[in-house]
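Asker: Each chain, letter by letter, is given below.
2 protein chains.
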Amino acid sequence: MESVCKRIRDQRLHDRIVSAEEAASWIEDGMTLGLSGFTRAGDVKAVPFALAKRAEENPLKVNVFTGASLGSDVDKLFAEKNMINKRLPFQADATMRKGINAGDFHFVDQHLSHTSEWIRSNVLDTIDFAILEAIAVTEEGMVIPTTSIGNSMVFSQHAKNIIIEINTAQTELLEGIHDLYEPGPQGERQPIPLSAPSDRIGVKGIQVDVDKIRGIVFTHQEDSPSTIIEPDEETVVMAQHLITFLREEIKAGRLTEKLAPLQSGIGSVANAVFHGLLDSEFTDLEVYSEVLQDAVFDLLDAGKVKFASCCSITLSSEKMKSVFSNFETYRDRLLLRPQEISNHPELIRRMGLISINTALELDIYGNVNSTHVMGTKMMNGIGGSGDFARNARLGIFVTKSIAKDGKISSIVPFVSHVDHTEHDVDVIVTEQGYADLRGLAPRERVQKIIENCAHPLYREQLNEYYQEALKKGGQTPHVLEKAFSWHTNFEKNGTMLEKAAQPV
Amino acid sequence: MESVCKRIRDQRLHDRIVSAEEAASWIEDGMTLGLSGFTRAGDVKAVPFALAKRAEENPLKVNVFTGASLGSDVDKLFAEKNMINKRLPFQADATMRKGINAGDFHFVDQHLSHTSEWIRSNVLDTIDFAILEAIAVTEEGMVIPTTSIGNSMVFSQHAKNIIIEINTAQTELLEGIHDLYEPGPQGERQPIPLSAPSDRIGVKGIQVDVDKIRGIVFTHQEDSPSTIIEPDEETVVMAQHLITFLREEIKAGRLTEKLAPLQSGIGSVANAVFHGLLDSEFTDLEVYSEVLQDAVFDLLDAGKVKFASCCSITLSSEKMKSVFSNFETYRDRLLLRPQEISNHPELIRRMGLISINTALELDIYGNVNSTHVMGTKMMNGIGGSGDFARNARLGIFVTKSIAKDGKISSIVPFVSHVDHTEHDVDVIVTEQGYADLRGLAPRERVQKIIENCAHPLYREQLNEYYQEALKKGGQTPHVLEKAFSWHTNFEKNGTMLEKAAQPV
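Listed in order, the protein sequences are those of chains A and B. The numbering used here numbers the first residue of the first sequence as 182 and each following residue consecutively. The numbering used here numbers the first residue of the second sequence as 182 and each following residue consecutively.
Pairs involving identical chains hold if they fit within one copy or between any two copies, as the list cannot separate such chains.
Under the rule of at most 25 Å between Cα atoms (straight-line distance), these lysine-lysine pairs were calculated in the DSS-like manner:
1) Lys487 / Lys439
2) Lys585 / Lys653
3) Lys588 / Lys653
4) Lys663 / Lys652
5) Lys673 / Lys663
6) Lys257 / Lys653
7) Lys279 / Lys588
8) Lys629 / Lys581
9) Lys279 / Lys653
10) Lys680 / Lys663
11) Lys502 / Lys187
12) Lys242 / Lys257
13) Lys629 / Lys267
14) Lys652 / Lys558
15) Lys652 / Lys680
16) Lys652 / Lys267
17) Lys629 / Lys663
18) Lys663 / Lys588
19) Lys242 / Lys393
20) Lys653 / Lys629
21) Lys629 / Lys588
22) Lys262 / Lys653
23) Lys663 / Lys653
Read the hints as simulated data drawn from the structure, not as lab findings. Just so it is clear, the structure is predicted and the values come from calculations on it, not from any experiment.
Start from the sequences, fold in the hints, and give me the full structure.
Answerer: Here it is, written out as structure tokens:
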């Protein structure tokens, strides 16, 4: 009971504690759910499972809107049980991916800063239930989120009903590190008063209409740990290229050793880059990103990063233990924000971020595919990469130059799907080197990309394509008949290599 | 002399009056010029001609940075005389287009809000001469622009030297309608304090270092008039579809009859849409756009538009006479801004603009090509369409469903160049109807686009492609071997139609 009083400080809510099963029983076929959770952190862990259990006997389908990818295998489970009508704006689960690509349900792949606008302006289906993980509900009816914020604020404000999962496995020290800012409707909005990553502009929790809280469920379960892929030889080299580029920017007087607020997508290269910063001369760094992974905490520990703003904290099992058992040492150097604020074009442009995201493939003119394998199959989604790359001071894309032991070149004549156009891609980094494309016309970019970034195995083949294209002329020379021949060759012959060549 | 004193109010500058020829003589081979001018308005009219004349005897090449397209055939002349190394960020001249596509010089096609950031942060070549058209230079060394602002402010602040062209053919009543706001360097910036189109946030002219003013040239020449293409049967129908869509938005409670600040690209469809608004029930409209064309002044005259903010005023010959001879009646309902402010993501998103731009082609999933004919040949450039579509409340793209008497379908399986991705395209309008794509997954979009927007001549062929693609599966089904077959068919056979069909 002491725990209940600490966690549910509004006494009127004490009689709303229910089991996950009861809460799940309120959800009907065809409803729309707004779930907390962003890259496996701060997701709800009980009601979705109870709902999936119920669906075994009483099949139902729901729309599932989230912050980003969910942890606890919820996406997997919902896909397996065929419980989804529509899913947005991002996912990263293998089973769900399979369902999306089979056309079993609809997936809307959205810029992560955009979903909130559609909810707020009533473009999407009305949310029947917002289901949010929380540390506590305060006396004032404020819901204190846990390790992510995502779209929880806009979901709960616009939902008909709210279900709270109080997760007692999440440290209570998280209370106070959230900064909830509501921009208001478009057209009635004031400037967002944030000009540095450490600026606090909102309140510590999500103010909800407590009458809408239908039920409160208690859970005790940690976030799904992230799988950290240790830097390998190639990602270490990529990080070195990127750091070399940043040093050149300092030499040119365009950056100082404090760089500029850093954003990085998740994954092994980002991790390697941040590890690379540990041993660099850069100092007093700031992070303004979506997700904080292990490496940012290493940088905080080393005093390299002085402040980090994010939307979610996603850690490995080991790091989770060390961070959350010493969380008081981080509390004044961290802020969690809603994803529309962490990813807001206004703020990204104002602060002039250095943005580092991963490309799936890119082409000789610098267009980037972040989402579709061989042009058709969804991988995860565009996530925040578009919010950042378009508006950042430096839109940097990283990728290994080849995949599948050299059978795939990440650099192709024409990307099979475009997520980031030539207008938004400033710098490309592979393990071969980097290409600074700023201020270059398409024909100038080609040579830099092929020579600096493509794998030697594919350079000649890329040059041949370009030489043939050049005969046709144009601002962006192409041989349309052959533009996707690398992809179709891979589909037919299992390799993009046209000629017999030594395996890499 | 009276005129000189009125126009050059800083006495120190009186001895800097020179001929255009003398000013042009300072420009050397390899230099970079920053010219005023945006969509044929407010461009410099004497020094570029003198430079071209000089180049006949002493060939030279320069980089030419502008606001957008130039008037007075300067782009044509420079292209003809082979005087260009690099041109950015936009052009719209047939001769220049030919040179670009022949690879005679480099053209960097940029979001119009981005150029200023690259100048400010020293990413591009340093500007040797900023050459600006002005009404006057004030006592305080402020340069008062004429009918456009473009990038003039950032050019002059970062140029080594400045040349002013005082154009006495431009009405002095223009003084006071400019609002020059300097955001400052990224990372040291405050929020831009603008939340409505009529907000005045800056000063009336460009504050320059008068020591950098090398010379002042007097001219007396009107802007090149725009060629107004009167609404035809199809553009009138497109405007009606768009207005129907807006009415549906009002019914759904997402808009009021005041709509939201309107942005529109230039051209015949935009013109038709604005004409359509003349007879509509919408009222108290606001415009926040790049260019004001004739139709906006008709709407101001009719009291339909209460305020218009822009970066340039581009009028037909007739309208120019009527507007500038009665300019005092418009002065309190107009503001001209630098293009980074008229096109700023921060402001477009905050105000929630309704953005209407023209597509060259679009595909069955809603990706838009705004720039490249048959994937290779540059038309004009992306202009501000990306700044607006990405950040607007409604990113609307308009196009006629067919071109060249039906030999080209504007809706294809896969666009041959991507400027706007599926993530940024909300609504498509053709003369056939409109497709509201918001909240739809790719497979849901296909039917809407084909049925509502494609020309009947091509619907079956589009469906056949999609049915074949569906067999391959995926989030975005495609048959990569055939993705560009419509374009290659057109190149070989002069039509995108696969089967013998009646001419339209």
